[in-house]
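Novice: As a plain string of letters, each chain reads:
Number of protein chains: 2
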Amino acid sequence: MAVGTRGSVKGLTPQQLREAQVRMVLANTYHLLARPGPEVVEALGGLHRFMGWDGPILTDSGGYQVFSLAGLRRISDDEVEFASHIDGARIRLSPASATRVQNQLGADIIMAFDECVSLPCEPKRLRESVDRTVRWAGLSQAAHERDDQWMFGIVQGGIDKALRSDCSEQLKQLNFPGYAIGGLSVGESHEDMMATVEHTAALLPAEKPRYLMGVGTPRDLVKAIGLGIDMFDCVLPTRNGRNAFAFVRGGGMKLRNEKYKTDDRPLDEQCDCYTCRNFSRGYIRHLILVKEMTGPILVSLHNLAFYQWLMDETRKAIREDRFAEWASQWDVKEQYHQDDNFEY
Amino acid sequence: MAVGTRGSVKGLTPQQLREAQVRMVLANTYHLLARPGPEVVEALGGLHRFMGWDGPILTDSGGYQVFSLAGLRRISDDEVEFASHIDGARIRLSPASATRVQNQLGADIIMAFDECVSLPCEPKRLRESVDRTVRWAGLSQAAHERDDQWMFGIVQGGIDKALRSDCSEQLKQLNFPGYAIGGLSVGESHEDMMATVEHTAALLPAEKPRYLMGVGTPRDLVKAIGLGIDMFDCVLPTRNGRNAFAFVRGGGMKLRNEKYKTDDRPLDEQCDCYTCRNFSRGYIRHLILVKEMTGPILVSLHNLAFYQWLMDETRKAIREDRFAEWASQWDVKEQYHQDDNFEY
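Protein chains in written order, with the numbering used here: chain A, 24 to 367; chain E, 24 to 367.
Any given hint might turn out to be false.
Any copy, or any two copies together, can satisfy a pair, since identical chains are not distinguished.
As the list claims (entries may be wrong) - Using 20 Å as the maximum straight-line C-alpha spacing, the simulated SDA-like pairs for lysine to any residue come out as follows:
id: 1; residue 1: Lys-314; residue 2: Gly-60
id: 2; residue 1: Lys-282; residue 2: Arg-58
id: 3; residue 1: Lys-356; residue 2: Thr-337
id: 4; residue 1: Lys-314; residue 2: Arg-262
id: 5; residue 1: Lys-314; residue 2: Ile-109
id: 6; residue 1: Lys-314; residue 2: His-54
id: 7; residue 1: Lys-195; residue 2: Ile-114
id: 8; residue 1: Lys-277; residue 2: Cys-294
Honestly, the hints are just simulated from the structure, not real lab data.
Whole structure, please, built from the sequences with the hints as guidance.
Specialist: So this is what it looks like as structure tokens:
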């Protein structure tokens, strides 16, 4: 899934997303709750009509942002109050209200309200977050009122396998149509993340979608698919695109580099995306250096197309029974670099 | 012509320009001279290949920006030295070098290097600028080396009809394939501008293109067409688009206005552009308020489509012999507002 935080994949139109072969978009409940508010999205016909996107949409529960972005103050075990990251306004959110907001937004898949902790985390605190996440999953499910939306449960538990097992078992009792693995890519090592995915994915029903939230690099994705994961969302293709970093076959490309100044080749010579069919590295570098919006847009488009290509090729490798060989090509440490110095 | 100052119409791809029915693009010699430099554009295959735009392109001579943007120091009657607006680097430009740069960039139409003064202007200074512009036109023409590019002459002379006549007559001796009227929309009233256009256009050969530079509002365009003008370039559709101002049939629309919050209608109910086919006023307002790039992009797209529609309808009115009636609809003072509070 491409990430369209506030109802738009940054700088791109739905037409361009289709052009990049994007099939599904994630939007963030927390951000849309803050602005423009779910009642506005509802009045404007729901999220699909609002965004002009007729493909599938998933909304997260808002839990992750409440705990990471907002100034949080818990007021009871089942309700949180937080200060909006925009204007400090007090907003309350609970399993019931997070679900109601997602019912109003109208995505195809919505998520149970969960508690996500950053890692490393005290065992007691982690245990609490699992208990709360399980209780909240039940409350979210009970509040869910639209049968044209699927609600997925989210497994928490940090990198503690016993807690992941416990959380998975309890959530399976609720019989969700799909399950997500949350609370990863929040500070732990690649090895710890993958060990946790391997352990947890095996506990979740193989006949239902298994979704690894907020991950990751091409290496992470291919490896996680091998462990049974079916769905991902990640900001890397677009965020790195805005920051002049192109994902290409065989590595990454930092487009501010002087060496691309008069390079007439496409970003990726084997890519057939709109960007690669029409523009040179030198031109895109120029756009980025003079801070023309079109630069980040063209790189974002390419990166999304690259990720979709990667998923297509991985599906093909699975069908042709050569997944292990394919996956080993992508298991290269630090092949892809995420630069945090965003300018857009 | 849509304006693509630094080799990109801000935020839009060539595909989107085509979608908005844009036929021709202007790029600025001064900006491309500063970054990335004409040798880079040349090494990357010339401006068409560089921008990925296979339609016609016009480059201005750089004269306007040298006199308006740059810290100018004249070093001789036929050469200027100026401090780049980017890093203060000293750059020299002359009729010969401005032409050489445009030969390197490779647009379909290039412009003679001229001197543009701001209005009001002392008569002596205005006279000087006309003499210099005429001399520089000859020097530009002499330096022009590519016969696959047309070079247009530029008539200067402020709002002084005698000077405009004198300049036009002298330039006609040089037998350019087209003529531009420069030095307007630089501080004079609408009435003075139109009186000058009326006077000057009538002096220029009707069988050759007559181009009014840097103009203007829909009202200006339709009126100038009635006076014989064939070509325009203007930043209004895109600059206003970035500033949340939509040009629509019957007036303008400031999209930050609260009244559009849950307005599900398209920007213009009679428009069939991509933006109007797919998105509501409420959604676009949301994108603008949360500063998502896609907002300015969608409004820019619509505004360009609106300008192209206006030109199409004007051509149709001429063919159907009802231009005067059509033009009177557009002769409304202050119908369109340009807001200078740009955020993008």
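Novice: For the identical chains here, do Lys-277 and Cys-294 meet the 20 Å Cα criterion within one copy, between copies, both, or neither?
Specialist: within (17 Å within a copy, 41 Å between copies)
Novice: Checking an output row: Lys-314 and Gly-60, CA cutoff 20 Å. Within, between, both or neither?
Specialist: Between copies, since 16 Å is at most 20 Å while 31 Å is not.
Novice: Regarding Lys-314 and Ile-109, is the shortest C-alpha distance of 20 Å or less found within a copy, between copies, in both, or in neither?
Specialist: Answer is between; shortest inter-copy Cα gap is 12 Å, intra-copy 25 Å.
Novice: Check Lys-195 against Ile-114 for me: Cα-Cα at most 20 Å, and say if that holds within a copy, between copies, both or neither.
Specialist: neither (31 Å within a copy, 70 Å between copies)
Novice: Can you tell me if Lys-356 and Thr-337 fall within 20 Å by alpha carbon in one copy, between copies, both or neither?
Specialist: within (19 Å within a copy, 61 Å between copies)
Novice: How would you label the pair Lys-314, His-54 (within, between, both, or neither) given a Cα cut-off of 20 Å?
Specialist: between (26 Å within a copy, 13 Å between copies)
Novice: Is it within a copy, between copies, both, or neither that the alpha carbon of Lys-314 lies no farther than 20 Å from that of Arg-262?
Specialist: Both, since 15 Å and 16 Å are each at most 20 Å.
Novice: Are the CA atoms of Lys-282 and Arg-58 at most 20 Å apart within a copy, between copies, both, or neither?
Specialist: Between copies only: 16 Å across chains, 42 Å inside a chain, cut-off 20 Å.
Violation of the numbered hints given earlier is confined to hint 7; every other hint is satisfied by the structure.
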